[in-house]
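**Student:** So you can see what is in the structure, the chains are spelled out below.
There are 2 protein chains.
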Amino acid sequence: MSLLVVGSVAFDSVRTPYGEAEGILGGAASYFSVAASRFAPVRMVAVVGEDFNEEHFRIFASRGVDTAGLQRAAGRTFRWYGEYVGDMNEARTIETQLNVFEQFSPRVPDAYLDSSYVFLGNIDPVLQLHVRQQLPKARLVALDSMNYWIRGKPEDLRRTLAVVDIVVLNEGEARMLAGVANLKKAAVEIRKLGPRIVVVKRGEHGVTLFSEDSIFSAPGYPLDDVRDPTGAGDTFAGGFMGHLARSGDVSEPNLRRASIYGSVMASFAVEEFGLGRLLQLESQEIETRFREFKQLTHFDV
Amino acid sequence: MSLLVVGSVAFDSVRTPYGEAEGILGGAASYFSVAASRFAPVRMVAVVGEDFNEEHFRIFASRGVDTAGLQRAAGRTFRWYGEYVGDMNEARTIETQLNVFEQFSPRVPDAYLDSSYVFLGNIDPVLQLHVRQQLPKARLVALDSMNYWIRGKPEDLRRTLAVVDIVVLNEGEARMLAGVANLKKAAVEIRKLGPRIVVVKRGEHGVTLFSEDSIFSAPGYPLDDVRDPTGAGDTFAGGFMGHLARSGDVSEPNLRRASIYGSVMASFAVEEFGLGRLLQLESQEIETRFREFKQLTHFDV
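If you're matching them up, the sequences are chains G and R in order. Take the first sequence: its position 301, counted from the start at 1, is 300 in numbering that gives the first Met the number 0, and no numbers get skipped. Take the second sequence: its position 56, counted from the start at 1, is 55 in numbering that gives the first Met the number 0, and no numbers get skipped.
Hints are computed from structural coordinates only; laboratory data are not their basis. Source: prediction; values computed, not measured. Glycine is no exception: its CB is placed at the ideal position from the N, C-alpha and C atoms. Do not take every clue at face value.
[Said to hold, decoys possible] What follows is a list of derived Cβ distance ranges for each label pair:
{"no.": "1", "chain 1": "G", "residue 1": "Glu-281", "chain 2": "R", "residue 2": "Asp-299", "range": "15 to 25 angstroms"}
{"no.": "2", "chain 1": "G", "residue 1": "Arg-62", "chain 2": "R", "residue 2": "Lys-191", "range": "53 to 63 angstroms"}
{"no.": "3", "chain 1": "R", "residue 1": "Asp-109", "chain 2": "G", "residue 2": "Glu-286", "range": "56 to 66 angstroms"}
{"no.": "4", "chain 1": "R", "residue 1": "Gly-193", "chain 2": "G", "residue 2": "Leu-278", "range": "37 to 47 angstroms"}
{"no.": "5", "chain 1": "G", "residue 1": "Ser-282", "chain 2": "R", "residue 2": "Lys-191", "range": "34 to 44 angstroms"}
{"no.": "6", "chain 1": "G", "residue 1": "Asp-224", "chain 2": "R", "residue 2": "Ala-90", "range": "26 to 36 angstroms"}
{"no.": "7", "chain 1": "G", "residue 1": "Ser-104", "chain 2": "R", "residue 2": "Arg-150", "range": "31 to 41 angstroms"}
{"no.": "8", "chain 1": "R", "residue 1": "Arg-106", "chain 2": "G", "residue 2": "Ile-93", "range": "38 to 48 angstroms"}
{"no.": "9", "chain 1": "G", "residue 1": "Gly-85", "chain 2": "R", "residue 2": "Pro-16", "range": "25 to 35 angstroms"}
{"no.": "10", "chain 1": "R", "residue 1": "Gly-193", "chain 2": "G", "residue 2": "Glu-101", "range": "54 to 64 angstroms"}
{"no.": "11", "chain 1": "G", "residue 1": "Arg-290", "chain 2": "R", "residue 2": "Arg-106", "range": "49 to 59 angstroms"}
If we strip away everything but chain G, and leave its shape as in the complex, we get (with noise of 0.2 angstroms):
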């Protein structure tokens, strides 16, 4: 079933304790998109500048994913530079130009008005809600914040996710938007708020999705090495999203095996700098390493 993403795409110039790449393809809507091409069809509605040129729309038309509202713009592609030092846990950022995605109003092409899932990627909630309102047909919503929005936008964001189904947060997030240092009432105050599932990314130690009635966590697949943290967050909502959107089922044990193929998504995603790992991905590794997710946690009763 259709898969439809709003997020950005930007070039990111990175620096780890394992090197550093420069320019390289990244923003939500590129992970997202990548990750979930490996599940289902996935629309892109995004906004790019004069310097993005057919290299960069191969790299998407190799996943088959559709740029049809992928909008060109005057101006420069969104850029971000940024460093992780020490354990890599949180990203230090050393600049940010928003260029063409500071007047970003995202539209969404007649041919995908008949999307089923949607990822609402992390941007102004007041675009987030102007996109939902264009998917009446859409069957599930998920939506990323952050900090900046939730500070600076409360209301606007309150009327977002008062209109869609899950949202998909790091752990500050989730405290700070619920006002709740508790994680577990933090998420029952979020579902207050509208969504019926929220997803707690937790990084390297994996994720925790609260439902109505149940909680589901798992830790994070251990790896030998991690070269760039960068877009783990939107992988693992492409691989969570795709999933959904591949089996056509939302039930709560199929949301617990999206959240795992969210998280073998991550835990590739971050193998490598930028897009790399994703895009030489053979799809036996992904369900390899799905089930050894499950030799991970299991235990006999």
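Take the given structure of chain G and dock chain R to it, following the hints.
**Tutor:** Just chain R now, kept in the frame of chain G:
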């Protein structure tokens, strides 16, 4: 089967965002014993001062803990003053008074020499080795340590690690001991020092168990209220070793179950100050929470 613990008994004064408690019974051997006693008979080797009175002995007696190895020395019992702030992930020590613990020389009573399961709590590795050598019949020996000994007595610690089966550490300690930031690689290095099992405690993020050809990872139990994290690690060890001693099964699948029982006990411990919750616990609650852990982590392949 008989389970011996050597470690500290202390009076703790603790302040957390949820309140405070003064001079309550604590210390690694206390938390371990009270937790492990739910599973198997426990023998304790530790030292207390003249201020340790009948009321305190009765606490151990109420759990059937054998205190024949609990030495009484002239002076005051070990005292720790600490507090937890914010997310309570780390204790801030306000004051440590070693008192009688400073001259602690563990003596293993003759009646304990046949102990099959042994937990060497976090004390000087020279003393841990001394105790280990007196227990040739031990079937499974686990050791806890900390940064203080890793930095201060690395050679003694290595000698002791060479003769134990399991080492229980937190993430930072594991990284420091191995001299490697990546946890999976750190476990490989630590296993080369002797222990065939490395248990990494991750606080609210759960636990990871590294053995020869498998890794098991369990998330933390989502709690509504964490009032006092003191003793969580030793309580984990108590449930872990207690289940192994009870079952007499040290296979990898049972080590997984043991780490869940450890997590169950730790999750109860932090719900109240000191030993409060552990002493009140009904056996049925332990089994219920064990099954809840299964529900928390299960997904269909």
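**Student:** For each hint, tell me whether it holds in the structure or not.
**Tutor:** Comparing the hints with the structure gives:
1. A beta carbon spacing of about 24 angstroms between Glu-281(G) and Asp-299(R) agrees with the range 15 to 25 angstroms that was offered as a hint.
2. At about 42 angstroms, the CB distance of Arg-62(G) to Lys-191(R) disagrees with the hint of 53 to 63 angstroms.
3. Distance hint for Asp-109(R) and Glu-286(G): a CB-CB separation of about 58 angstroms, consistent with the stated range 56 to 66 angstroms.
4. For the pair Gly-193(R) and Leu-278(G), the beta carbons lie near 43 angstroms from each other, so the given range of 37 to 47 angstroms is met.
5. For the pair Ser-282(G) and Lys-191(R), the beta carbons lie near 36 angstroms from each other, so the given range of 34 to 44 angstroms is met.
6. Between Asp-224(G) and Ala-90(R) the beta carbons are some 32 angstroms apart, a value that agrees with the proposed interval 26 to 36 angstroms.
7. Judged by the Cβ atoms, the range 31 to 41 angstroms given for Ser-104(G) and Arg-150(R) is violated: they are separated by roughly 57 angstroms.
8. For Arg-106(R) and Ile-93(G), the Cβ-Cβ distance of about 60 angstroms falls outside the hinted range of 38 to 48 angstroms, so the restraint is violated.
9. Judged by the Cβ atoms, the range 25 to 35 angstroms given for Gly-85(G) and Pro-16(R) holds: they are separated by roughly 27 angstroms.
10. A hinted range of 54 to 64 angstroms for the beta carbons of Gly-193(R) and Glu-101(G) is consistent with their spacing of about 58 angstroms.
11. Hint check: Arg-290(G) to Arg-106(R), Cβ distance near 51 angstroms, so the stated range 49 to 59 angstroms holds.
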